[in-house]
Each structure stands twice: as structure tokens, then as C-alpha cells.
Amino acid sequence: MEEIKKVRTVCRSCHGGCGVIAQVKNGKVVKIEGDPDSPISYGTLCSKGLAITQIAYHPDRILHPMKKGHQGWERITWDEALDTVAYQFKKVIEQHGPESLFIGQGTGRDYESHFSRFGNLLGTPNVLTAGHMCYLSRIGASLITCGRFPVCDYEGEPKCIILWAVNPLWTNPDEYKGAGFWRAYKKGAKLIVIDPRKNFYTQKADLWLQLRPGTDAALAMGFFQVIIEEELYDKEFVTRYIHGWDAFVERVKEYPLYKVEQITRIGEELIREAARMYACTKPAGIHWGVPTEQTINCTDFTRTAIGLMAATGNLDAPGGNVFHVPPKVRKVSEFSRHDALSPTQREKRLGGEQYKLAARMALITPKAAWEAMLTEKPYPLKAGIFVGTNPLITEANAKDIYAALQKLDFLAVADFFLTPTAELADIFLPAGTWLEQNHMAENWKFHGYVLARQKVVEIGECWQDHKIFQELGKRMGQEWWDTVEDALDYLLEPTGLTWEQFKEKGYLKGDMIYYKYRQGGFSTPTRKVELFSTILEDWGRDPLPKYTEIPESPVSRPDLAKEYPFILNAGLRTPTFFHSANRQVPWLREIRPDPIVEIHPDTARKHGIKEMDWVWIESPRGRVKQKVKLNDGIDPVVVVAEHGWWFPEIKDEGHGWDISNINLLTDDSHQSMDPVMGATNLRVLLCNISRCEQG
Amino acid sequence: MGKISLTILKEDCCGCHSCEVACKQEHDLGVGPRLIRVIEKSPLFIPIYCHHCAKPPCKDACPVEAIYRNDQGLVLINEEACIGCRECVTACPFGAMQFDDIKEVAAKCDLCLERLTEGKAPACSLICPTGCMVWGDTTELLNRAASRA
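Respectively, the protein sequence lines represent chains A and B. When you read off a place in the first sequence, starting at 1, and then add 1496, the result is the number in our numbering. When you read off a place in the second sequence, starting at 1, and then add 11, the result is the number in our numbering.
These aren't lab readings, by the way, just hints derived from the structure by calculation. Please note that a few of the clues may not be correct.
What the hints assert, rightly or not - Coverage of chain A stretches by chain B, computed from C-beta distances (three or more under 8 Å per stretch; other residues unrestricted):
(1) 1522–1529
(2) 1543–1554
(3) 1674–1685
(4) 1688–1697
By construction, the Cβ of each residue, glycine as well, lies at the ideal position given by its N, Cα and C atoms.
In isolation and in its complexed conformation, chain B is listed as follows (with noise of 0.2 Å):
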């Protein structure tokens, strides 16, 4: 299998917020680890989340190599290894890296790790509704993307 990319068209967002409840019930998590979230700077919506970076700022912060890349070039968190030092939350140029207090740990998206394996579309893209969340082999979205510009 080939590289995965999630990719948000910023400019079809309209600022629902059902990404990130859904988000939330997929990875069973509370109030404070936010691993998508929309900013609203009105009349605009920023969408904040983890581009699995080529280059992951996140895994060099990493002081105990707990972030690591996949083969689907996914960037995951191996949470028995995370030491919950916080420096891969300040390393995310992005503001993707969330903390999770109750388990003391850094949390991330994981692009639904699976649901993909399942053959399902991330839980955030499903329900979209202008479907700006785009997923899928990364060198085809980036094609898609040439192609559109």
C-alpha cells in the first residue's frame, strides 16, 4: 500500500464542527485532546490538523523516539514509550499535537489507523458536509491538487 494523506480544502470548510465530535467519538476522548479542530476567525474557518508531515518537527522533538512514521507514512504515537514531556506539542508548527491529561500522554491523530485498515474512510471525512476533507493515496491527491490549481 502506497502513502496516505489527509488533506482539508481550507476554502469548503463551513465551520460546522462535525469533524471534530466525530473525531472525538471515534477516539473515545473527553473534554482537552482536540486531534482536528476549526478555528473560527469569522468569516473564515481555519481547520487545524496533523498533515503527517514527510519530516515530522514532532518525532525530531521526541526525546524518547515514541513518534514514529509508518510504512503509509502515518505519523503515530507509541503511547506505552511517550514520557508526556510536552515537546513534541510545542515542535507542531500546526498546533496539531494535543495532550491527553488523563492518560499524561501526547495525543494525535492517527487518520482513523482502524477504520483504514477496515477499508473505511477517516471518521472526520465521512461526515463532512461540503466533503472538503479529501483522503487517500498521497502522490493521487497531490496530482488532484496540481490538477485543481
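Here chain A stands alone, though its shape is the one from the complex (with noise of 0.2 Å):
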């Protein structure tokens, strides 16, 4: 019998760059645990990493490529399988122009500078991501703001943590993990929450803010209204790197903390304790979460906010929200050759003119994508690719999305599982999980951080992401290495590293400077934190952030209200699942196995629901059911609901995506999106909930 071997590596089940032992016997992954000597985890680990081998070794999990021929699914070689793909793409580049491509990603396994460097070298600015309402979308207000990302530093200890709509012992986005919030907090750093929800942070904090779902830019105008009113800022600081100030507070009169409390529902006086608490405790740090991001106003959100950590002085402070650095390897960008895209190119962008943000992030609201689908216009989209992504459960309005994949001519897609996404494409790549990948990770994070994440096992025939684009641009005529170990020697090279010298040493940290910004100041037109934004400016659009409505609320749209009289606060996380992923792993599975829904008892009481029924939630969209916990932690006209599910224990190729899935309930229209970024909402929207008979 083998011996276990250890191998050092780094997951991927989330966002996440948490450090893994993996341990192998015969040939296959026998266990996973923690590495105490992560920078980015302690030695933690949650569910869906520890679940990673039964992702791996599943049994309906799909190990050689597929086409779908008049039976089904049938095996091909990967030969056969790239050249359909590369025959499909060259046959529309003829046809219709490279911009009738499309390339799509979900959260990704932390390929984006692959992602990219193919869809550049294609010649296709069709970038379909979630960006445009996860985590870009707040790193492209971020950069107009103050030239980069600003992180809550744990690492420097701050004295005052705001946890701004997230959960971070759950569901990590990017640079944070639970553990450094956790050891900040049990150094006694004051906590306020701010979320629609009671949960655990609230029961910790000092200060807990419970909004109405999707006035979080509205709260964040109220904070600056005790601020300014108070002086409680940092004038020098204001004075001498922050531009437009002045033009700033007047907007900020326009929102009395009366005005703010008739939006948020929070008392002034909270409010007020709250605004305090933050600008006086120094260091603190801001914290935020993606419900932000995934409304109307989610520029204007992570403007503000940034605001607020530039006034109070907290900006690239220790303990603060800070810029770290990261090491010298080669950037995402280039490696991505965004230069090779010409501006003819660019152009075409679709949707590109309207939201100008998303492309400038190089990547466009799918929206914009389903509408040249569904309508050929501006021009068609005729074929494309996804990789790790299932859009039809995981993107807003999905009786859309299902309409506009079936005009596709051909759709290749690249994945674990048979997802009701891939079910829809003509070639199926079999993908490797984080177990199966050689790769510089959280490259493109800003964190200060590189990980090395390598290869474990090899499964099937499956190939690690990295590996399908580059075999699949060299077919396309493209530009690529020889193998995967020597496109990350070119990225390390500026470290003087090769692979298997970085391999060795696990990771690379950036050395961090503070205050990096009196040197030379910020990254913007200005050289100044822009809360007047000459970009926006330049743009036609308004320049200061301000708090809209949400387009469908009792507020905005009392009419509607009558018919759907609840706020449906939907994208409720779980610990076990990342968005679509994860519904087949029997671990993970057993602890959440339905879709939930959480009821005031009040509400559940009055229309005859008790806990574990099954209801019906229904927007002007459409219906879907889920089943009904009670939470007296929620306002009574607020229902929350999760997202993601599909049911793969359902055979058919459907795989039950319209049962219980949340974004069949989800709006999509131009006008209930961010004006410069293209972020859906699929967050805040009008239900009505009724019990559910056949269960």
C-alpha cells in the first residue's frame, strides 16, 4: 500500500485562497485540512472546501468531452472536441465579425487572466461575466473614485469594524476572509451591522442597523450627514485630497437624517450613534458585502463608502481601508494583452455606449447579451463559450436567458456537471477542479497576495481551465505557451521565480507602504479621491453619488405593492453552496437540502404558512417555490430567499432549473439597472407569498 503524500495547495470552492493540505494515497485525494501557515485562513476551512472530493470523485461528474449528437450526449476526444469548437467560432468570425462571439464566466476558478487573453486575441469585447454585479462592479467605482481598491486591513488592526451587508464566516468576497474579521473582533474592535437580517454579527455588535433591503446608499448619505453636521472628519485630509467636497456637501443636505430614516427605516438616533461610532473610533474599517452591488445604486453605494473612509481619514491608514501592494509579478492586465483588442473592437461593445463603466472593466451586462440574441441588434451573437458558469440560474430574469440561448447557433461550455446550462450547449469541456490546477492564484485579488495553488490529482480527462483556452486559442490562431507551467514562469518572471521555485514557497506578499497617496496622490484625473468624479462628468452622468429608489418597492411603485405586497430580499447565502455550485455534494447537500425561504411568524401566521411548508413566492415574473423557515430577525413585510438552486438529482436535462429558482422572479430592465455599471438587481424586488398545496 502507498504512502499518504501531503501536498500543499490552495482552494477554490469559493472566491476564496484558503491554504489546503491535501492528502494522497494511491493516487487519489484521500482528505483535505487546513494549513495552519496560510496567510489568508489560519488553518480554517469551511464546508465547501472540505467537500472538494466529492465534487471530484462524484459519480455523475463528467470526465471526457462530450458533443450532443441526435442521442444525446456522446463521448468525443478532446481533438475532435476543440476543433468543433474552433471550426464553430471561425465559421461565425467569417460570417459575422469575431464581435458575434461571446466569452462567459460565473465567479470563475480563478482563470481570468486566461478568460481574457483569449477574448481579446479572439477579437470579441463581448465579456460576459458577473461582474457587472459582483465584486468588478465595486473595483471599477473604486478605480474613478480613488484610483484603486481599498480593503479593510485586519492585518493592521482596526479599532472599529463596520460589516456592511455581508457575512463573512460564510461566504468570503475576495481579499477578506472570516478569520482576520474574527481575530480583529476578539481584539475588542467595536462592531456595527448593518443588514436587513438578525444574525449572528448582530447579536455581537454594538451597533445593529437593520435597513430596508436596498437603501444602503441612502444609510451610507446619512452617516455623512451626522459627519459633516457634527465635523467629525479629517479636514486636512479633505483639504487637500478630496475633490469636490464642497460640491459633496451640498448633496449631502439634501438628505436630513428624517428623509434618511423614512427611507432606511432605522432611527435618526441610531444613525447618528452609528456615524459616530465610525468617524471617531480610528482605525475602522468598512467591510461590504455584494448585496450592495446588485441594485440600482450600487456605484453610487460603493462611492459613498468610499467617501466615508476618505473623510474620516481611514484611506490607506493601518487598520483602515487600505491599498495594499501587491507583489511584483506580472499583472493580470497584460498577461491579458487588453491592448490587442483595437478600438474598432471596443466599440462594439454591447452595451458598451449606455454603461460605460462595465466597459471600461472590459466586460458588458448580460443583459446586452441576451438582448443581441433574442434580437439580433445592435447585431446577432451567434455563438460563444462558458466556462464555470450556469447564467440561467445564477443571472436576473432566467425565462429570458433560457429564450436566448436557444437562438444560439453553438454554444460550447466547459463545467464539472451537466448543469441546465450546459445542457443547453452543443460541446461539453470537462473542467478540473482546484484539485486538478498548477496556477499563481488571487493574481488579480488586491490583497497583497500570491498563492500557489498546484496540481494534486488529475481525474479523467479532465484539464484544468487555463489549459482549455490556451489549446483552444492556439487552434484560434492565437498566441499561447507550450504548456500551462510556462505561461506561469512568464508570470512570475519579474520575481526571478520559476514555478517550481514559487511552488516551494507557497506564497508572495507585496511589502505594504501606508499613506502611499502623499506620494503623489491617487490614481484619478485629479490626483484627488474624486467624490465629484470627472469621469462620470465626462460621461453625462451625474458626478455625485445620491441614493435613487429601488425601481420596484412599496415606495416607488405603491400600485404594484397592492397586488405583491412584500419587499422579496432574495440572495439569501448559505454556508454550504456557492451560488449554483454544490446541490449534488451528499455532504453539503444534507446539511441545507431544500431551497429556503425565511417568513416573519407574524406574516407566516396570517396566511396560514407554518415552518417547512412550501410556498409559492411570486413576482410580476413569474412563480417558484420554496420552503419556510421562520425568522422573527427580519421586518415582518420582508421575505428573504435564497438563490442558486436547481435540483441535479432531477434526470431530465431541465434539472428542475424553473422549480425553485430565485431569478425566474428577478428583473432585468434597462431601467432597474445601475446607469453606468449594467448591475442587475437581484436583490430587492415586489413578491406575494401564498402556501404551496402539493408540497
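Could you fit the two chains together into a complex? Lean on the hints.
This is the structure we're talking about:
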């Protein structure tokens, strides 16, 4: 019997970079453990990471390329699969131009560099991701406001932390890990929690602000109201480093606290107390979550939050919100070859004229893609590739997406399983999990680290996504490296390390310097924090942040609220699933067998609904059913529902995509989206609920 | 070696369920027996786990003396002797005693006995993001708990 071999690597069951020790026996991963030496996770690991072996070795996992024939899916070779994709893509380029191709990814398996390189060298500007409403949207807003992305500096020991719409111990948006938050909290930091639901953190918090879902940007304005009125801001910083402070102060006057109370439903005094605590406790960090991005206020919220960090002197200050210094590796942007996409092709970016911030981030809002597929306007989208994404479940207005994808001439999908989206494809490419990946991980993040994710095993004929782009790229005549590892050597070249040497080292960290703006200012056109954005002004947009009422709320649509009296707060996170992933993993599904909708006990009683009943949730766009969990820690008018649900155990090709999928209820009309980023509203809409008789 | 205990600081359980999966992996368990489990009662999380009781009701309920307490105070099952009658499952006041449908025997937390002998922490406690699972010498834990109160 073979000895157990231990391999040090890095998880990617979510966006995370948690350190892992994988144990291998007879060529198979037998155990996953946390790596105590990881600077990201300090030995902790979540259920999703621990359960990776049940994904990697799942009986339903597809381990070879396939094509859809007359008899359904048929096994083919990699050569046939890649030749087919290349042939179909070349045909579209010849007949319609490369812009009629799209490349699509979900939250990604850390292949952004390769994904974008493939798209840019293909000549298509139509890059379809979740970035319009998740993470890249906050980065886009940060870049135009302060030149870089400010991250809560847990290593610098904040004395006050605002958790704003985030659950860091369950789900980790990128830089942050729950472990870092917890360490800082345990050292005695004050805690302010902003969340519509009573939760673990609200019980720990010094102050809990239970806001009406979707009103975060108004609350941020309320904070500013207090900070300006009571002169709690850092006057020197404001004078020297904020562009447009006076104009911004005028804007804030439009948000007196009584008005903010009306909008957010948080008492004036509580807002005042929280603003004081944040502004007067030094240093203080804001850790904010994706719900703030998934509404019409996406860009404005991030901009106002950065304003708070700046005006209180917490920007790039130890323990505040900082710009981490990356290690000296080659950047994702350089590897991605954005320079290779011609200005003519850039101009063809779908929705690019309208959603200029998305275009600046080199992506499109998917809405523009679905429209081009359905209407062929401004030109048709004919074919494309989805890698690690299941938009039928995870993007807004799923019914339209289903119709749009049916119109494609050709679709390739790279994934682990035949998901509802993959079932619509013509070619299936079997992708590798993070256990099957060699990569310099986390290069595109802003926490100052790159981490060695090294291949632990190979399974079936699966390839890591990087290799799929590389080999497909070569077939399209693109310039790539011979091997995945050669490309890693290129990425590591500026450090003087090879991939083999980096693997031994485990990770690299940039040398942190605080207050970098004191030399040379911020990387914006005025070299200052642009609360008044010269870029937005150039685009003919409102240069100052504001709060816009959610287009489908009891306030904006009292007429509709008669029929749909509840505020649906969609996208409730689970600790076990990552968006639409993991529903087939036995260990995780046992913990969370059903899609859950949380309803206040009073509301439930009124509607004759009991705990564990199935209920219909209905919006103007459709209805789905989920199972009830009572929660007296929400406003009785708010209903909170999980997202990402499909049922892998249902074996027909739909896999139950339309049973509990909350995105059949969400809206993606242009008027509901962020005006510059094209963020779709996955979070706040009107709904009704009723008991579902059949169960 | 003295008696060993595991205790969970309930107020610090964030409901992430990582301990459950770590336990399943360590004990090579599939769907079914959950030797540690976190019940969600929004917004509270209630960990259900074996307390390795000083006077274990499960041990008393067992008609064939398959359950015993070792020198370290750990309540363990002799799988060979277990007849699968489930008396212990009913007897446990915490709902911690489980049943393995495949082996058709009772299943319970052994505090990762194998790991303990190698000087390692129980699998569940090791990955907990809040460190709410505390294990070690029983007397020391009791002293620590007393000083907290």
C-alpha cells in the first residue's frame, strides 16, 4: 500500500484562497485539511472546501469531452471537441465578425487572465461575467473614485469594524476571509452591523442597523449627514485630498436624517450613534458585501462608502481601508492582452455606450447579450463559450436567458457537471477542479498576495480551465505557451522565480506601505479622491453619488405593492453552496436539503403558513416555490429567499431549473439597472407569498 | 493522562457547518449519521454533540454493554458488540447518538480518538473559524469555564 503524500495547495471552492493540505493515497485525494501556515485562513476551512473530494470524485461528474448528437450526449476526444469549437467560432468570425462571439464566465475558477486573453485575441469585446453586479463593479467604482480598491485592513487591527451587508464567516468576497475579521473582532474592535436580518453578527454588534433592503446608499448619506454636521471629518485630508468636497456637502444636504430614516427605516438616533462611532474610533474599517452592488445604487453606494473612508482619514491608514501592495509579478491586465483588442472592436462592445463603467472594466452587462441573441440588435450574437457558469440560475430574469440561449447557433460549455446551462450546449468540455490546477492564484485580487495552487491529482480527461483556453486559443491561431506551467513562468518572471521555485515557497506578499497618496496623490484624473467624479461628468452622468429609490419597491410602486405586498430580499447566502454549485454534494446537501425562504412568524400566521411548508413566491415575472423557515429577526414585510437552486437529482435535461430558481422572479429591465455599470437587481423586488398545497 | 472533554461555546457558533463536514471526512461517513450537527433556529445556531457524559444514559440503555467509557473519559462504542437496537439513540438527551444504516450499528463521536493519540486536535475543532470548539483536559476546561462566568 502506498504512503500518504501531503500536498500544500490553495482552495477555490468559492472565491477564496484558503490554504489547504491535501492528502493523496494511491493517486487519489483522501483527505482535505486546513493549512495552519496560510496567511489567508490560518488553518480554518469551510464546508465547501472540505467537501471538494465529493465534487472531484462525484459519480455524475463528466470526465471526458462530449458532443450533443441525435441520441443525446456522446463521448468524443479533446481533439474533436476543440476542433469543433474552433471550426464553429471561425465560421462566425467569417460570416459576422468576431464580435458575434461571446466568452462567458461565472465567479470563475481563477482563470480571469487566461479567459480575457482568449477573448481579446479572439477579437471580441463581448465578455459576459457576473462582474457587472459582483466585485468587479465595486472595483470599477473604486478605480474612478480613488484609483485603487480599498480593502478593510484586518492585519492593521481596526478598532471599529462596519460589517455592511456581509457574512464573512460563511461567504468570502475575495480579499477578506472570515478568519481575519474574527481575529480583529476578538481583539476588541467595536462592531457595527448593517443588515436587514438579525444574525450571528447582529448579536455580537455594538450597534445593529436593520435597514430596508436596498437602501444602503441612503444610509451612507445619513452617515455623512452626521459627520458633516458634527464636523467629525478629517479636515486636513478633506482639504488636501478630496475633489469636489463642497459640491458633495451640498448633495448631502438633500439627505437630512429624518429623510434617511424614512427611506431606510432606521431611527435617526441610531444612525447618528453609528456615524459617530465609525468616525470617532480610529482606525475604523468598512467591510462591505455584494448586496450593496446588486441594485440600481451599485456604483453610488461604493463611491459613498469610499467617501466615508476618505473623509474620516481611514483611507490607506493602518487598520482602515487600504490599498495593499501587490507582489512584483506580471499583472493579469498585461497577460490578458487588453491592448490586442482594437479600438474598432472595443466600440462594438454590447451596451458599451450606455454602461460605460462596465466597458471600462472590459465586460458587458449580460442584459445586452441576451438582447443581441433575442433581437439580433445591434448585431447578432451567434456563438460562444461559457466556462464555470450557470447563468440560467444565477443571472436576473432567467426566462429570457433560456429563450436567448436557445437562439444561439453554437454553444460550448466547460464545467464539472451537466448543469441546466450546460445541457443547452453543443460541446461539453470537462474542466478540472482546484485539485487539478497549477496556478499562481489570486493574482487579480487586492490583498497583496499571490498563492501557489498546485496540482494534486489528475482525474479522467479533465483539464484545468487555463489549458482549455490555451489549447483552444492555439487552434484559433492565437499566441500562447506550450504548457500551462510555461505561462506561469512568464507571470512569475519579474520576481526571478520559476513556477517550480514558487511552488516550494507557497506564496509571495507585496511589501506594504501605508499612506501612499502622500507621494503623488491618488490614481485619478485630479490625483485626489473624486467624490465629484470627473470621469462620470465626462460621461454625462451625475458626478456626485446619490440614493435612487429601488424601482420596484413599496415606495416607488405603491400600485404594484397592492398585488405584491412583500419586499423580496433575494440571494440569501448559505454556508454550504457557492451560488448554483454544490447541490449534488452529499455532505453539503444533507445539511441544506431544500431551498429556504425566511418569513416572519406574524406574516406566516396571517397566511396560514407553517415552518417547513412549501410556499409559492410570486413576482410580476413568475413564481417559484421554496420551503419556509420562520425568522422573527426580519421585518414582517420582508421575505428573504435563497438563490442558486436547481436539482441535480432530477435527471431530465432541465434538472428542475425552473422550480425554485429565484431568478425567474428578478427583473433585468434597463431602468432597474445601475446606470453606468449595468448591475442587475438580484436583491430587492416586490413579491407575494402563498401556501403551496402540493408540497 | 487525565480526562479529556470537548465543549462548544454556543454564543460563538456562527452556523457555518464546517465541523460537520470535517467530522464526516475524518470518520469516512456518508449521508446519515451526523456525529456533530448544528441546528439552525434563525438567528441562533445550536450545536448538537456528544458530551461524553460522566454517567452516560446511552451506556446505561445499551442491553449488551457495547458502550463503554475509557480512561480518558471518552464514551465509545464497540461496534462488534453493538446489535443495532437503537436503545442508545433514544436514551441520549442531546440527540447526539446516531445510527449508521450501512453498518447497522450505533455511531457516535469518539472525539477523533486516533488523532488524539497522535497529539492532534479533533477534526471538528481544528477548522472552526471562530474557535468556538474547545477541547482538552477536563479539569482545565472546567476551570476556564468558571473563570469566564
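Going through the hints against the structure:
With 3 residues bearing a CB less than 8 Å from a CB of chain B, the segment 1522–1529 of chain A meets the requirement of three and the coverage assertion stands. Coverage of the segment 1543–1554 of chain A by chain B holds in this model, with 4 residues showing a Cβ closer than 8 Å to a Cβ of that chain against a need of three. Against chain B, the segment 1674–1685 of chain A contributes 3 residues with a C-beta closer than 8 Å to a partner C-beta. That satisfies the three-residue criterion, and the hint holds. Look at the segment 1688–1697 of chain A against chain B: 4 of its residues bring a Cβ nearer than 8 Å to a Cβ of that chain, three or more, so the hint holds.
In this structure, none of the earlier numbered hints is contradicted; all agree with it.
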